[in-house]
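Convert by adding 665 to the 1-based position in the sequence shown; the result is the number in the numbering used here.
Keep in mind that the hints were calculated from the coordinates and are not lab data. C-beta atoms are modelled at their ideal positions from N, C-alpha and C, and glycine is treated no differently. Any given hint could turn out to be false.
[To be verified] Within a straight-line C-alpha distance of at most 25 angstroms, the following computed DSS-like cross-link-like pairs (lysine-lysine) qualify:
#1 LYS710 with LYS724
#2 LYS672 with LYS704
#3 LYS710 with LYS675
[Stated by the list, open to error] Label-pair ranges, simulated between beta-carbon atoms:
#4 LYS675 with ASP734: 34 to 42 angstroms
#5 LYS733 with GLY690: 15 to 23 angstroms
#6 SER729 with ILE673: 33 to 41 angstroms
#7 SER702 with SER729: 32 to 40 angstroms
#8 ALA677 with LYS721: 34 to 42 angstroms
#9 GLY712 with ALA677: 30 to 38 angstroms
#10 LYS674 with ASN728: 21 to 29 angstroms
#11 LYS733 with SER702: 17 to 25 angstroms
#12 ILE683 with GLU718: 14 to 22 angstroms
#13 THR706 with GLU732: 15 to 23 angstroms
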Amino acid sequence: MEKEFGKIKKNAITDIIIRIDDFGGKTGLTIREFATSDKYTGFTKSGTRISAEAFKDFKAIINSINEKDFGEIKPEIKAPEPPEESELNEEQNLEVEEEHPRKLRKKKIQEELL
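Take these sequences, add in the hints, and give me the full structure.
Right, dumping it as C-alpha cells:
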C-alpha cells in the first residue's frame with residue numbers, strides 16, 4: 666500500500682514527500698526528502714517515519730500548532746566572534762576543534778614566538 670498526499674519544495678533539487686506506505690510489513694506516515702539531480706534521483710536518508718499507532722498523537726500535535734506560533738519564535742542569539750589573530754596574546758593557549766574521522770577532538774596548541 667502506498668499513497669502520496671503531497672510534496673513541499675525545499676530547494677531547487679529537493680522536495681519533501683509526505684505519504685503513507687508499508688515498510689517492513691508495517692504501515693505508517695513517511696516524511697522524506699526526494700532529490701532530483703544529475704548525480705542522484707530518489708529518496709535521501711533524511712526524513713522520518715511515524716507509525717500508524719503513533720499517528721493520532723502526531724496529528725494532535727500538528728493540529729495544536731497555530732500559524733501565529735511562528736511569529737513568537739525569537740531569533741537565535743549569535744555567539745561573539747572570536748578575536749582576530751593579531752588580537753591574541755602571543756603566550757595565550759588556544760583550544761581548537763580538529764576534525765578527525767568519526768569524531769571531533771580538541772587539541773591544545775600554543776602560538777610559537779618568533
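Each hint, compared with the structure:
no., hint, result
1, LYS710 with LYS724, "23 angstroms, holds"
2, LYS672 with LYS704, "21 angstroms, holds"
3, LYS710 with LYS675, "15 angstroms, holds"
4, LYS675 with ASP734: 34 to 42 angstroms, "21 angstroms, violated"
5, LYS733 with GLY690: 15 to 23 angstroms, "41 angstroms, violated"
6, SER729 with ILE673: 33 to 41 angstroms, "20 angstroms, violated"
7, SER702 with SER729: 32 to 40 angstroms, "36 angstroms, holds"
8, ALA677 with LYS721: 34 to 42 angstroms, "36 angstroms, holds"
9, GLY712 with ALA677: 30 to 38 angstroms, "19 angstroms, violated"
10, LYS674 with ASN728: 21 to 29 angstroms, "23 angstroms, holds"
11, LYS733 with SER702: 17 to 25 angstroms, "37 angstroms, violated"
12, ILE683 with GLU718: 14 to 22 angstroms, "18 angstroms, holds"
13, THR706 with GLU732: 15 to 23 angstroms, "33 angstroms, violated"
Of the hints listed earlier, those the structure fails to meet are numbers 4, 5, 6, 9, 11 and 13, in rising order.
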